[in-house]
Amino acid sequence: MSIVSPPSASIYPPATVHEKAERHTLSVLVDNEPGVLARVIGLFSGRGYNIDSLTVSETEHEKHLSRITIVTSGTPMVIEQIRHQLERLVQIRRVVDLTDSATPGIERELAMVKVRGRGENRIEALRLADAFRARVIDAGSESFIFEITGATEKIESFISLMLPLGLVEVSRTGVVAISRGAEGM
Amino acid sequence: MTQQMTGAEMVIQALVDQGVEYVFGYPGGAVLPIYDAMFQQQKLKHILVRHEQGAGHAAEGYARTTGKVGVMLVTSGPGATNAVTALTDALMDSIPLVCLTGQVATHLIGNDAFQECDTVGITRPCTKHNYLVKSVNDLSRVLHEAFHIAANGRPGPVVIDIPKDVQFARGTYQGPKAVSIKTYRPKVKGDIDKIKIAVDMLANAKKPIIYSGGGIINSGKEASHLLREFARMTGFPVTSTLMGLGAYPAADPQWLGMLGMHGTFEANWTMHDCDVMFCIGARFDDRITGRLDAFAPHSRKIHVDIDPSSINKNVKVDLAIVGDCAHVLEDMIRIWRAEARQPNKQALAGWWKQIDKWRGRNSLAYRSSNETIKPQYAIERLYAATKDRDVYITTEVGQHQMWAAQFFKFQEPNRWMTSGGLGTMGYGLPASIGVQLAHPKSLVIDIAGEASVLMTMQEMSTAAQYRLPIKIFILNNQYMGMVRQWQELLHGGRYSESYTAALPDFVKLAEAYHGVGIRCDKPGDLDHAIKEMIDVDKPVIFDCMVDQAENCFPMIPSGKAHNEMLLGDVPGDIEKAIDERGKVLV
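Chains as they are written, first to last, in the numbering used here: chain X, 1 to 185; chain C, 186 to 771.
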C-alpha cells in the first residue's frame, strides 16, 4: 500500500455540511429581453438550487427593466454562489439580497382564496376574513372568494384556518419584496 | 460607419471588422445566404471541417493559442446540436468563441420545421450568452456585442442564432465603434486594499505556494511575465493546474510541476502543508483539491479570479480579490516593491529544504523497459526531439493527456491546448488544426490515445484539404486507458468494454487520408521514428504501440487528500485505495 501518511479520520471540519440552510429573498433587476427568465430558472435547476417562490414583471417600461423576486433557501455559501451566478448572467443588471442587507426588505404576497360553505361555516369564514383584513371579491350563495395580502406567514395561517371551513382552492402571487428606506436598488 | 446590406453580408462585414482571419464551419440549408456572401469575398478564410464538433474544437485551439476569439459557423438543427459538445468544452475551459448558427425562417420557428431545433434553448446552459436575432437591424449590434462578451471578463462561448430570412433581409450595418455595450463591464482591477493585505500575508508566509491556473493564460502573455517576475522576487514555489501549464517555465527551479489528481508528489505535498496559498486564475476544481475537508488544512488562502462566482464555490478563502490576473499581479509587484517587502528568507529556506525532500521521492519515475515502449518514455523522447523547436501540443483526454502534462515540459504559454474541465475525448485532433492554421510554420503535435482520436478522426480529411502538417502521436495501448485504470481501482479489474477490438490500421488510415502513417513498437526505434515524423511535411499519424498495462501515477484516489497520493512504484493492494465514499466520485 502506498499511502504515505495514515489516512485517519480528518481533524478538520467538513467544508459545508454543518452550515444551516437559510431562507433568503433576492431582488433581481434584469433587462426585459427574451429568455431572461428562462436563464434565471435554468440556472437554478441546472445548479440544483431551490426556488421557493418566484415573481416577475416589467417594472420600468421605458428602460425595459423587469424585477424578479426570488425566494430561495440554502447554506450561506450556497446563497453567495446563487448571487454571484446570477450576477454573471449578461442580462442581469443587479442582484440585491434583501435578507442579508442592513435594512431588510418588506415582503408581501397576494392570495385569492375560494371557500365553499353554508350556515355556521360561512359566517365563521367571513368573521375570520374580517380579522385578517381579507376582502370579499366574489360572492355566491354558497361560496366566497377572498383577496388577502400580507407576509407569507399571514397568508399561510389564513389558508389553514379556511381549510376546515370549506377551502376549495388558492391562487397566490408569490413573494414580492422591496427594500426599506429612501434608496432604490 | 453605417451601410445598407443584407444580414448575410453583415455577418461577413462584422467578422472582418472584428479582425477574424478564419471561420471554421460546415454549410447547410439555413446558412446558405452566409455561405453565398462568404463566396463573394476574399478577406475571411473558411475552413471546411468534417463535423461541427470539429469546427468548435478547431476554433477553440485557434483561440487558445492566439488569445483571439475563435469563430465557428454551422447550420440549424443538427449543425447546432453537433456544436454543443464544443460549446460546453469552451464554457468549462473559458475559451472565447463566437458560434454562428443558422435557423429556420422566423415565421417557421416553433413549427417543427425541417432542421429546426430550439438552438437558444439547447445552448443556454452551455454558453456564456446567446442570442436569437429576429430583426436584421439588431444583427450588427448583436455580432459586435457577442465578440465583446466572448472575450471580456471570464471568456466563454457565445451563440448567435440567425434565421434564414434575417440573413436575406436588408438593413443598416453599424461598425464596432458605433455599438455601445452597456451592461457587460467586468471588473479587471483588483481592490487595492485587498491587494495590500495579500502582499502582507505573502511577505509573512513561512510556507507559501503559488497555485496558478488557466486564468493566467487567458489574461494574456503579460500575465505570464508578471507571474514569473513575482515568483522571482519572492522565491516562492510555483505549481499550476492542467490548464495553466506553460504560464510558468517548467525548466525553472521554483517549478514544482502540475498539481492535483495526477500532479507531482512535491506539488501536492507543498499544497497540503503550506501556510499561505496564493491561488491566481484557478478555481479549486475537484481534480485539484481532492478531499475538500482535508485540503491544505493549515493554510490561509488568497484567491484572485475575474469571475466572482468562482470564489468560495468549492473552498472558502480568507482573502478574495476579483480582478484580471495581469492587473492584480502588476499591482502586487508594484506594492511589494514600493513597500520594500522581503520574504521570510529563513523560513523559506527551510520550506525549500522540505520541498526538495518531496522532490527526491521522484514521483514521476516509472519502470523502463527494453522490450516495450513505456508511454512515459514515448513522451519523454518526443519532448527531447522537439524541445528546441517551435512546438505546440494539443491532446485528447485520458492517460496520454496526463502523461503529456507530466512529461512534456512547457516553457511558454499558449503552447498547450487540452480539454480540462469537460474532458472531451476527440478534442486534440481538430484543435491541432486550429493551432496549425494560427502557426503555419510551427510543429503542431496532437498527443493522442487511440480511443479518443477515433472520435474525431474524420478531421484528418480537413488537415489534408488545407495541407496542414499536423502530427498525431498516438499512444496506442488498445484500451481506453483511464477507464481501464479506474476499473482496476474500483471494479476488481473487470475491464467492461474498455478494450477496443478491431482497431483500424492507423498507418493505412493515414494513407487513406492522404497523410503519412508511421508505426513504432520498439523503444530502440523510437527516436528515429519520431525524427521521421517531424521531417514529414504532411499530416502524420504516428501509431506508437505502448505497454498495454501501464497506469498513470502518481494519483490522488478520488475522495482522498493531497497527502494520500498513490505512487506507481510501490506495489500493494491498489483496489483498496478508494473507500466507499470515494467510489461515487468521478
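Incorrect hints may appear among the rest.
[What the hints assert, rightly or not] In silico BS3-like cross-links for lysine-lysine, where the CA-CA straight-line distance does not exceed 30 Å: (1) C/374 - X/63; (2) C/381 - X/20; (3) C/381 - C/530; (4) X/20 - C/501; (5) C/501 - C/379.
Since the hints were derived computationally from the structure, they do not count as laboratory data.
Hint check results:
| no. | hint | verdict |
| --- | --- | --- |
| 1 | C/374 - X/63 | 29 Å, holds |
| 2 | C/381 - X/20 | 33 Å, violated |
| 3 | C/381 - C/530 | 20 Å, holds |
| 4 | X/20 - C/501 | 16 Å, holds |
| 5 | C/501 - C/379 | 16 Å, holds |
The structure is inconsistent with hint 2 alone, although it conforms to all the rest.
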